[in-house]
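This note's numbering puts the sequence shown at residues 2 to 495.
Honestly, the hints are just simulated from the structure, not real lab data. Glycine residues also receive a C-beta, built at the ideal position from the N, C-alpha and C atoms.
Pairs of lysine to aspartate or glutamate, DMTMM-like flavour, derived with a Cα cap of 20 Å: (1) K388 to D337; (2) K264 to D228; (3) K178 to E325; (4) K379 to D477; (5) K35 to E311.
Label pairs and their calculated CB-CB ranges: (6) E411 to R303: 50 to 60 Å; (7) P166 to D301: 39 to 49 Å; (8) P166 to E62: 35 to 45 Å; (9) Q340 to N233: 32 to 42 Å; (10) G201 to Q320: 46 to 56 Å; (11) A316 to R493: 46 to 56 Å; (12) A101 to D301: 48 to 58 Å; (13) Q82 to K299: 36 to 46 Å; (14) L312 to D229: 26 to 36 Å; (15) R400 to D434: 23 to 33 Å; (16) K390 to G68: 16 to 26 Å.
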Amino acid sequence: MSRQVVTRFAPSPTGMLHIGGVRTALFCWLFARKHGGRFILRLEDTDLSRSTDDNIRIIEEGMAWCGLDWDEGPVVGDPSQWKGPHGPYRQMQRMDLYRAKIQELLDKGLAYRCRCSRETMEGRRKTVEAAGKVFQYNRGVDAGKGCASAAHDASQPAAIRFRMPEGGDIVVADLIKGETRFPANSLDDWIIARTGDGPGEIGVPTYNFCVVVDDTDMQVTHVIRGDDHLNNTPKQIPLYEALGSDLPAFAHVPMILGADGAKLSKRHGATSITEYQAMGLLPSAVRLALARLSWTPKIDGRAVETAEEELLTDAQMIQLFDLEDCQKSAARFDMDKLQWLNQKLIQRSSWQELEPHLRPFMAEVSKGAWAAKPDAWKAQAIHATQKGKSLTDMAEALRFAFEGPTTFDEKAAEKFITPTVKPALREVRDLTDYSHDALEAGFNAILERHGLKTKDLAQALRVALCSKPVSPGIFDTLMLVGRDEVVARLDRWL
Numbered sequence: 002m003s004r005q006v007v008t009r010f011a012p013s014p015t016g017m018l019h020i021g022g023v024r025t026a027l028f029c030w031l032f033a034r035k036h037g038g039r040f041i042l043r044l045e046d047t048d049l050s051r052s053t054d055d056n057i058r059i060i061e062e063g064m065a066w067c068g069l070d071w072d073e074g075p076v077v078g079d080p081s082q083w084k085g086p087h088g089p090y091r092q093m094q095r096m097d098l099y100r101a102k103i104q105e106l107l108d109k110g111l112a113y114r115c116r117c118s119r120e121t122m123e124g125r126r127k128t129v130e131a132a133g134k135v136f137q138y139n140r141g142v143d144a145g146k147g148c149a150s151a152a153h154d155a156s157q158p159a160a161i162r163f164r165m166p167e168g169g170d171i172v173v174a175d176l177i178k179g180e181t182r183f184p185a186n187s188l189d190d191w192i193i194a195r196t197g198d199g200p201g202e203i204g205v206p207t208y209n210f211c212v213v214v215d216d217t218d219m220q221v222t223h224v225i226r227g228d229d230h231l232n233n234t235p236k237q238i239p240l241y242e243a244l245g246s247d248l249p250a251f252a253h254v255p256m257i258l259g260a261d262g263a264k265l266s267k268r269h270g271a272t273s274i275t276e277y278q279a280m281g282l283l284p285s286a287v288r289l290a291l292a293r294l295s296w297t298p299k300i301d302g303r304a305v306e307t308a309e310e311e312l313l314t315d316a317q318m319i320q321l322f323d324l325e326d327c328q329k330s331a332a333r334f335d336m337d338k339l340q341w342l343n344q345k346l347i348q349r350s351s352w353q354e355l356e357p358h359l360r361p362f363m364a365e366v367s368k369g370a371w372a373a374k375p376d377a378w379k380a381q382a383i384h385a386t387q388k389g390k391s392l393t394d395m396a397e398a399l400r401f402a403f404e405g406p407t408t409f410d411e412k413a414a415e416k417f418i419t420p421t422v423k424p425a426l427r428e429v430r431d432l433t434d435y436s437h438d439a440l441e442a443g444f445n446a447i448l449e450r451h452g453l454k455t456k457d458l459a460q461a462l463r464v465a466l467c468s469k470p471v472s473p474g475i476f477d478t479l480m481l482v483g484r485d486e487v488v489a490r491l492d493r494w495l
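Can you build the whole structure from these sequences, using the hints too?
Set out below in structure tokens:
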């Protein structure tokens with residue numbers, strides 16, 4: 002490629018960061034990383050009634066949690082700071098640039114002032130629709146009724162409309178969907194700036210205008226976005242040309258559906274990225290699961306098939322990612338598959354990789370005591386619970402190491418803590434060497450002396466130490482609780 006690849010993710014901070022948006026951001030990130038390019042995070046906050054600082058924070062923190070680091074964009078938590086040469090990266094902080102570009106279009110006759118009131122527009126719309134037609138401003142049945150040739154001056158407040166071409170087709174050459182043609186006469190002259198507060202004032206520019214100016218200014222080479230934006234593209238292409246800019250390549254990613262084929266919604270489970278974080282999923286699992294929605298990675302020209310091949314690392318995804326391998330049709334989100342990936346990645350991760358992600362969950366379970374534990378203890382705790390499906394499972398499985406039981410499974414206590422087992426429990430209480438080998442040797446000797454099976458003594462210990470007959474391996478359980486606490490908890494029963 003002759004130019005450095007530049008992609009961007011440009012969410013609107015009008016709600017939570019949806020997993021569909023994260024999947025789009027991931028594709029942008031993978032493509033930029035594969036080609037040694039730049040990935041930009043930009044916030045499209047011109048919807049003043051719905052954009053909030055809290056939503057902006059959620060987007061920034063969600064992207065950071067996902068591991069989708071941006072080369073240009075805002076600094077998390079500080080709206081006055083950014084990194085990159087094209088900032089600021091919030092549209093409401095770029096108004097001077099937009100208004101200058103709009104004035105250029107007005108001066109060249111490529112845009113014009115529109116004084117049509119809302120009531121006038123609504124009346125004309127009803128007339129056109131009554132004739133069985135689709136309303137198009139200054140086109141079709143409405144032709145000649147707009148402000149295109151009125152040459153309104155700046156003496157009154159007015160919206161600004163972009164003058165669209167009237168003949169031929171506007172062609173969208175899409176890297177995923179192929180070529181799509183839109184007849185130019187099917188598209189009306191659209192508003193690029195809302196009505197200003199006073200005469201001559203250019204109001205807040207609209208999304209479709211700002212996105213083109215930003216992509217041009219930030220030298221974006223590839224616009225990868227959801228296919229709900231496909232119908233915006235024929236409006237934007239003539240604007241790129243009017244601004245004297247080269248067209249970026251377009252790739253419209255299909256939407257994500259629920260497992261039942263319906264549009265993904267709350268009834269299918271979590272839909273925002275913060276919910277997946279709270280569920281104890283690894284960012285790497287979320288990245289991998291979302292990457293596989295609409296993308297089929299190929300190894301040596303062959304689609305990945307085996308379970309082992311599916312567990313791609315970020316480096317492998319970056320190497321294999323190709324927009325040509327993205328499907329055109331909608332993808333179905335499978336929560337079971339995400340949880341399977343999460344468990345597999347937990348199992349294959351080192352304790353050092355897992356600990357930073359587990360730490361927030363342990364902070365609540367341990368009331369802060371986790372942070373004070375030595376690394377060797379943390380390593381053992383993580384290894385002992387690494388079969389869990391999620392970080393929340395792991396944290397809950399380690400609760401026994403920080404909290405002595407206050408209630409017990411009565412049926413389990415009656416079943417396992419029997420008069421036959423209690424003498425063996427006394428001997429376990431008296432063990433002093435808590436190295437793994439010494440515990441195992443002492444445990445086996447106690448079993449032999451009392452003629453017990455491993456499960457008899459182990460289950461009794463689990464109930465006494467953890468309140469129920471479920472815990473990690475019995476030697477891990479003893480070591481994680483620690484000798485002094487083991488003695489204290491056993492004394493309750495002896």
